[in-house]
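Build the full structure now, drawing on both the sequences and the hints.
From first to last, the protein sequence lines stand for chains D and G.
So the first sequence is numbered by the working numbering: it starts at 9 and just counts up by one.
So the second sequence is numbered by the working numbering: it starts at 9 and just counts up by one.
It is possible that some hints are incorrect.
For identical chains, the list gives no copy identity; a pair is met inside one copy or between any two copies.
As the list claims (entries may be wrong) - Here are the simulated SDA-like pairs of lysine to any residue, each with C-alpha atoms no more than 25 Å apart in a straight line: (1) K266 / E292; (2) K266 / Q315; (3) K241 / Q286; (4) K87 / A305; (5) K266 / D297; (6) K231 / R269; (7) K266 / S291; (8) K231 / R216; (9) K266 / A316.
Please keep in mind that the hints were generated in silico from the structure rather than gathered at the bench.
Number of protein chains: 2
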Amino acid sequence: MARVPDVPDLVARARRGEAAAVARLISLVEDDSPALPDVSAAVASHTGHAHVVGLTGSPGVGKSTSTSALVEALRRQDKRVAVLAIDPSSPFSGGALLGDRVRMSTHDTDEGVFIRSMASRGHLGGLAGAAPQALRVLDAAGCDVILVETVGVGQSEIEVASVADTTVVLLAPGMGDGIQAAKAGILEIGDIFVINKADRDGANTTRRELRTMIGMRPEEEWKPPIVLTVATKGEGVDDVADEIANHLSYLETSGELKARRTARARREIEALALASVQRQFESESEGIDDLAAQVEAGDLDPFAAAQALVDLSGGGR
Amino acid sequence: MARVPDVPDLVARARRGEAAAVARLISLVEDDSPALPDVSAAVASHTGHAHVVGLTGSPGVGKSTSTSALVEALRRQDKRVAVLAIDPSSPFSGGALLGDRVRMSTHDTDEGVFIRSMASRGHLGGLAGAAPQALRVLDAAGCDVILVETVGVGQSEIEVASVADTTVVLLAPGMGDGIQAAKAGILEIGDIFVINKADRDGANTTRRELRTMIGMRPEEEWKPPIVLTVATKGEGVDDVADEIANHLSYLETSGELKARRTARARREIEALALASVQRQFESESEGIDDLAAQVEAGDLDPFAAAQALVDLSGGGR
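The following block contains the structure:
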């Protein structure tokens with residue numbers, strides 16, 4: 009059996025910056041631990057400081073290298089930085105660094121950087137369910153900037169935006185990236201666009217294409233900037249860090265930060281409430297069996313049975 | 009505004025075999041009409057007679073032709089037959105026949121056959137949400153056999169099994185169908201296997217492959233038969249109809265029919281109950297806004313807010 013965690017102690021230690029305590033708390037999130045509501049309650053009043061930045065882009069654009077270079081740039085600005093890498097397909101992670109994160113090892117001995125990968129498969133609600141809790145832990149631990157990225161492609165690339173204050177979309181020249189990105193819905197979610205590997209042919213074409221496509225977005229106050237980088241040489245990465253700071257200022261002064269975070273909280277509350285009701289249903293197994301038998305026999309219709317189940321479970325009270 | 013349906017009248021007419029009334033009732037299901045609980049209540053006591061047979065298979069195996077030939081075979085046994093084709097990707101159907109269902113037109117003037125396509129996109133719960141209600145309507149209308157098939161591939165091919173008493177898996181020689189099928193999980197769900205286009209090269213190889221793979225399934229009372237057909241010539245199709253009848257006898261005598269249908273009712277009840285709770289949450293929009301604002305401000309944690317939402321909505325009462 010797992011040791012019962014001393015949540016208040018863990019949170020106090022995490023707030024003092026102890027990486028081991030932060031890691032343990034995130035493991036509780038990852039495992040969907042029964043202690044999760046306690047963790048959530050203990051960190052709630054210490055949240056709201058961290059700037060959550062989602063990093064997204066197709067494989068091959070240099071996401072890992074860019075993340076690493078961005079960590080360095082943010083550290084030069086003396087920010088406390090966390091990297092949360094979420095793997096939506098993996099059923100386990102063990103909290104280990106990702107295999108391809110070799111360059112990240114340069115940050116290993118830097119106390120201002122916390123790096124963690126987290127599996128979200130199996131977690132009720134997947135990425136969308138697990139990430140907000142983990143972000144709250146890192147926020148309460150005093151991080152100034154939290155970089156969130158997903159491993160893999162597809163839906164999870166878009167989902168990153170739903171947990172971030174600012175979304176950075178990474179592209180690379182050529183390979184029809186522009187069109188691919190549009191297809192994946194990635195253009196709509198970008199607050200900042202980065203064309204990495206900008207020393208390659210086609211960087212200006214990609215920028216032009218991108219500008220046209222961004223121009224097709226509905227009129228908005230924030231004009232998403234396009235930054236060219238060569239992450240392997242660190243070129244342009246300070247500009248990305250600056251644009252991230254600019255976007256935060258815009259979010260704060262426009263009231264958009266509060267709006268985005270409130271909308272996020274709303275989705276989170278609804279998802280947790282539904283999960284709670286679903287658990288109550290599961291605890292009414294015998295009652296459901298009885299209702300199902302009546303429906304099978306034609307003595308009850310499924311809608312009436314569903315209402316009976318809702319009544320039976322007492323609506324979570 | 010849509011006309012308010014006279015549900016008792018529609019059900020009475022459907023039970024007399026009026027195709028127009030059946031079609032109208034299925035449209036109410038398809039549109040997720042507010043009258044749906046009334047429809048469900050009105051048909052409940054008239055259900056349990058029809059044998060629901062799911063037909064599934066990759067594109068190119070001759071599913072439409074096989075369905076049509078099977079309808080003819082079942083009509084020769086003087087069975088009342090319905091075909092419900094579900095399109096999980098289409099947002100509309102209008103109740104029209106599917107475009108590729110040309111051969112089906114031979115049944116158009118046959119009063120013992122009801123053919124209907126139904127869109128399930130947009131319906132809360134997709135195929136799994138819409139199909140059981142439509143099947144109850146067809147059951148109450150006096151159908152002896154209801155053939156259910158999905159348009160398109162992927163998950164919906166497997167979902168068919170979850171609404172059927174008997175699942176028929178269609179394959180064709182060559183094209184690595186066997187392996188593809190195993191990958192898609194189709195082998196696990198088949199109660200009867202049909203190798204169509206059996207006049208082509210490789211039919212026996214496919215049968216051998218299939219037998220080996222079925223042999224790997226856990227020991228079970230029912231040994232899934234493999235039937236070779238040439239649907240375009242009607243060859244072997246009577247054998248399929250016979251195997252369908254055999255499987256029904258097995259289901260009845262083994263008690264498996266009742267078990268499968270009760271398990272199905274259970275899933276349906278849970279899904280409907282969750283949908284009902286979700287609707288209640290939606291009606292508490294102001295309350296959720298207030299909770300979300302508190303979470304955003306750090307005054308409340310999301311788990312406590314979720315519990316407050318469950319309390320607020322009164323658990324559906």
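Which hints, by number, does the structure contradict? Structure breaks hint 3 only.
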